[in-house]
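K.L.:
Take a look at the letters that make up each chain.
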Amino acid sequence: MKTITVNIVTPDGPVYDSEVSMVIAVTASGEMGVLPGHIPTVAPLGIGAVRLKKENSTELVAVSGGFLEIRPEKVTILAQSAERATDIDVARAQESAKRAEALLQAKKDEVDFKRAELALKRAMNRINVYEGNV
Amino acid sequence: MASLRDIKNRITSTKKTSQITRAMQMVSASKLNRAEMNAKAFVPYMAKIQDVVASIAAGSNDASHPMMTTRPVKKTAYLVITSDRGLVGGYNSNILRTVSNKIRERHTSNDEFVILSIGRKGRDFFAKQGMTILESAIALPDHPSFADIKEITRKAVGMFSEGAYDEVYMYYNHFVSAIQQEVTETKVLPLTDIKPTGATSSYEFDPSAEAILEVLLPQYAESLIFGAVLDGKASEHAASMTAMKSATDNASELIDGLTLSYNRARQAAITQEITEIVGGAAALE
Numbered sequence: 001m002k003t004i005t006v007n008i009v010t011p012d013g014p015v016y017d018s019e020v021s022m023v024i025a026v027t028a029s030g031e032m033g034v035l036p037g038h039i040p041t042v043a044p045l046g047i048g049a050v051r052l053k054k055e056n057s058t059e060l061v062a063v064s065g066g067f068l069e070i071r072p073e074k075v076t077i078l079a080q081s082a083e084r085a086t087d088i089d090v091a092r093a094q095e096s097a098k099r100a101e102a103l104l105q106a107k108k109d110e111v112d113f114k115r116a117e118l119a120l121k122r123a124m125n126r127i128n129v130y131e132g133n134v
Numbered sequence: 001m002a003s004l005r006d007i008k009n010r011i012t013s014t015k016k017t018s019q020i021t022r023a024m025q026m027v028s029a030s031k032l033n034r035a036e037m038n039a040k041a042f043v044p045y046m047a048k049i050q051d052v053v054a055s056i057a058a059g060s061n062d063a064s065h066p067m068m069t070t071r072p073v074k075k076t077a078y079l080v081i082t083s084d085r086g087l088v089g090g091y092n093s094n095i096l097r098t099v100s101n102k103i104r105e106r107h108t109s110n111d112e113f114v115i116l117s118i119g120r121k122g123r124d125f126f127a128k129q130g131m132t133i134l135e136s137a138i139a140l141p142d143h144p145s146f147a148d149i150k151e152i153t154r155k156a157v158g159m160f161s162e163g164a165y166d167e168v169y170m171y172y173n174h175f176v177s178a179i180q181q182e183v184t185e186t187k188v189l190p191l192t193d194i195k196p197t198g199a200t201s202s203y204e205f206d207p208s209a210e211a212i213l214e215v216l217l218p219q220y221a222e223s224l225i226f227g228a229v230l231d232g233k234a235s236e237h238a239a240s241m242t243a244m245k246s247a248t249d250n251a252s253e254l255i256d257g258l259t260l261s262y263n264r265a266r267q268a269a270i271t272q273e274i275t276e277i278v279g280g281a282a283a284l285e
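Residue numbers (the UniProt record's numbering), protein chains in the order written: chain A, 1 to 134; chain B, 1 to 285.
No lab work stands behind these hints, which were simulated from the structure alone. Among the hints, a few may not be true.
Claimed, not checked - Label-pair ranges, simulated between beta-carbon atoms: (1) B/K155 - A/K98: 25 to 31 Å; (2) A/M1 - B/V27: 39 to 45 Å; (3) A/R71 - B/P72: 54 to 60 Å; (4) A/E19 - B/A54: 26 to 32 Å; (5) B/R34 - A/M1: 36 to 42 Å; (6) A/D87 - B/A139: 23 to 29 Å; (7) A/P40 - B/K155: 53 to 59 Å; (8) A/E95 - B/K187: 37 to 43 Å; (9) B/G86 - A/G30: 50 to 56 Å; (10) A/Q94 - B/R10: 57 to 63 Å; (11) A/N133 - B/T132: 19 to 25 Å; (12) B/R106 - A/Q94: 18 to 24 Å; (13) B/S202 - A/D17: 22 to 28 Å.
Stated by the list, open to error - For lysine to aspartate or glutamate, the following DMTMM-like pairs were computed, each having C-alpha atoms within a straight-line distance of at most 25 Å: (14) B/K155 - A/D112; (15) A/K114 - B/E204; (16) B/K48 - A/D17; (17) B/K40 - A/E31; (18) A/K74 - B/E204; (19) A/K114 - B/E162; (20) A/K98 - B/E135; (21) A/K121 - B/E204; (22) A/K114 - B/E135; (23) B/K155 - A/D87; (24) B/K48 - A/D112.
What the hints assert, rightly or not - To give an idea of the chain A side of the interface with chain B (calculated C-beta under 7 Å), a few residues: (25) T5; (26) V9; (27) P11; (28) Y16; (29) G30; (30) E31; (31) G37; (32) I39; (33) P40; (34) T41; (35) P44; (36) E73; (37) T76; (38) L78; (39) L104.
Bear in mind the structure is a predicted one, so any value in this text is a computation, not a measurement. By construction, the Cβ of each residue, glycine as well, lies at the ideal position given by its N, Cα and C atoms.
Make the full structure from the sequences, and use the hints.
P.N.:
The following block contains the structure:
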């Protein structure tokens, strides 16, 4: 089976580097699946899980804010933060989800509202990836 | 001449000081190691982001973005990266001197520019000069992660987009080697000269080149600042190591001198005692 190299890089260092058979990511314009030999493409990523399919397993990486660079034999994901399912601090994620929800309930001004919404999205994404239900 | 006990006291206290400075030197040395590793871990990210930005900029000339266009400068922002504490030799004073000189050269009044400060020393310095400090971040950890400085980078880039200022210069100490750091000036915004690091390839853009730039450019500018912070931290630890090393060296030199005069004083006291005894014995005969 043909494979494609995936690199996930954050400002704090590389997170993931391996050969996979398919990459599925949530881009700004919707979900996008990448197979080996894809045309060179750049797309911005939303907050979501990146699914890395290997022959008989799937790995999940929680990604927020960044973009996807595709070349025929290589996919690079540049994100401001990215964590593999095994590296996620789920207690912290739950904590920040609660905090964000409390902020949303309070309904303050516009800016805070947007920020809380994003924070909640990130936290939920982490929890989902950790639990593997994506 | 100081008494024996005075000299002894000074020797002990100098020794204690030198123990502290030696310990601080070793702490800085290990921090420097980690800071260098952090800076290295950041390189692939920066190189990649630069590649993509450059290939978009080179590929389609019609893709423009407010962050890439130069506009008439009404206000300039100076982003200055210093340390939070002293005991780092000339690290802070070099950078603050350079920035004040530049400001004096370029501006006649304090209304023409604003300061963005990362590090307590810089903030305090510019506040004392009566300059406007728009934003500051202090008490960064020794090994900052991107999340630690995200707040200030986001604001720095955001305020440029909103038009609070029209250009941003960044000053930090570039880490050359453990004994050499250089004050470096970089123009962060607007992004006018983006050079590709390697071979660029042409891409498809989903949904469009403009939309990508919208995401990419703020991230790129923030990364530039984060890179400078990492570089500055490595320099800070290096400067602190060098400063503490020379403090330790000075202390041991001082101790050598003091020990010499201590021994001289001791010998003089013994000689004097013998002379007195001999004198006394002679007087008895």
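K.L.:
Now, for every hint given, state plainly whether the structure supports it.
P.N.:
Hint-by-hint comparison with the structure:
1. Between B/K155 and A/K98 the Cβ separation comes to about 26 Å, which falls inside the hinted range of 25 to 31 Å.
2. Separated by about 51 Å at the C-beta atoms, A/M1 and B/V27 break the suggested range of 39 to 45 Å.
3. Under the hint 54 to 60 Å, the C-beta atoms of A/R71 and B/P72, about 40 Å apart, miss the expected range.
4. A/E19 and B/A54 have their C-beta atoms about 27 Å apart, which keeps the hinted 26 to 32 Å range intact.
5. For B/R34 paired with A/M1, a C-beta distance near 40 Å keeps the hint of 36 to 42 Å intact.
6. Between A/D87 and B/A139 the beta carbon distance is about 26 Å. The supplied range of 23 to 29 Å therefore holds.
7. The hinted range of 53 to 59 Å is not satisfied by A/P40 and B/K155, whose Cβ atoms lie roughly 34 Å apart.
8. A hinted range of 37 to 43 Å holds for the C-beta pair A/E95 and B/K187, which are about 40 Å apart.
9. Checked against the given bound of 50 to 56 Å, the beta carbons of B/G86 and A/G30, roughly 53 Å apart, stay inside it.
10. Against the hinted window of 57 to 63 Å, the Cβ-Cβ separation of A/Q94 and B/R10 comes to about 59 Å, which satisfies the hint.
11. The supplied range of 19 to 25 Å is broken by A/N133 and B/T132, whose beta-carbon atoms lie about 50 Å from each other.
12. For B/R106 and A/Q94, the hinted distance range of 18 to 24 Å is not satisfied, since their beta carbons lie about 50 Å from each other.
13. Checking the proposed 22 to 28 Å range against B/S202 and A/D17 shows it holds: the Cβ atoms sit about 25 Å from each other.
14. Taken as a hint, the B/K155 and A/D112 pair is honoured in the structure, with Cα atoms around 15 Å apart against an allowance of 25 Å.
15. Taken as a hint, the A/K114 and B/E204 pair is broken in the structure, with Cα atoms around 31 Å apart against an allowance of 25 Å.
16. A hinted pair counts as satisfied when its Cα atoms are at most 25 Å apart, and B/K48 with A/D17 qualifies at roughly 15 Å.
17. For the proposed pair B/K40 and A/E31, the alpha carbon gap of about 33 Å is over 25 Å, so the pair is violated.
18. A C-alpha spacing of about 15 Å is found between A/K74 and B/E204, which places the hinted pair at or below 25 Å, so the restraint holds.
19. The straight-line distance between the Cα atoms of A/K114 and B/E162 is roughly 18 Å, inside the 25 Å bound, and the hint therefore holds.
20. Simply put, A/K98 and B/E135 have alpha-carbon atoms about 29 Å apart, too far for the 25 Å limit, and the pair is violated.
21. Distance restraint check for A/K121 and B/E204: the Cα-Cα separation of roughly 28 Å exceeds the 25 Å cut-off, and the hinted pair is therefore not satisfied.
22. In summary, the hint linking A/K114 to B/E135 is supported, as the alpha carbons are separated by about 22 Å, within the 25 Å threshold.
23. A threshold of 25 Å between alpha carbons decides the hint, and for B/K155 with A/D87 the separation of about 29 Å lies outside it, so the pair is violated.
24. At roughly 32 Å between alpha-carbon atoms, B/K48 and A/D112 are farther apart than 25 Å, so this suggested pair is violated.
25. Because the smallest distance between the Cβ of A/T5 and any Cβ of chain B comes to about 13 Å, over 7 Å, the interface hint for this residue is violated.
26. Hint status for A/V9 relative to chain B: holds, with the closest Cβ pair at about 5 Å, below 7 Å.
27. Given the 7 Å rule on beta carbons, the hint for A/P11 holds: about 4 Å separates it from the nearest Cβ of chain B.
28. For A/Y16, the interface hint is violated, the least distance from its beta-carbon to any beta-carbon of chain B being 12 Å, above 7 Å.
29. Residue-level restraint check for A/G30 is violated (minimum Cβ-Cβ distance to chain B is 9 Å; threshold 7 Å).
30. A cut of 7 Å between beta carbons decides the hint on A/E31: the least distance to chain B is about 12 Å, and the hint is violated.
31. Checking A/G37 against chain B: minimum C-beta separation of about 14 Å lies over 7 Å; hint violated.
32. At its closest, the beta carbon of A/I39 sits 6 Å from a beta carbon of chain B; the interface hint therefore holds under the 7 Å criterion.
33. With a least beta-carbon distance of about 5 Å to chain B, the hint placing A/P40 at the interface is held under the 7 Å criterion.
34. Here the hint on A/T41 is kept, as its CB sits about 4 Å from the closest CB of chain B, short of 7 Å.
35. At a threshold of 7 Å, the smallest CB-CB gap from A/P44 to chain B is about 4 Å, leaving the interface hint in force.
36. Using the Cβ-Cβ criterion of 7 Å, the hint placing A/E73 at the interface with chain B is not satisfied: the shortest such distance is roughly 12 Å.
37. This hint holds: A/T76 has a C-beta 6 Å from the nearest C-beta of chain B, less than the 7 Å allowed.
38. Interface restraint check: A/L78 against chain B, minimum CB-CB distance 6 Å, threshold 7 Å, status holds.
39. Here the hint on A/L104 is broken, as its CB sits about 21 Å from the closest CB of chain B, past 7 Å.
The earlier numbered hints that this structure contradicts are 2, 3, 7, 11, 12, 15, 17, 20, 21, 23, 24, 25, 28, 29, 30, 31, 36, 39.
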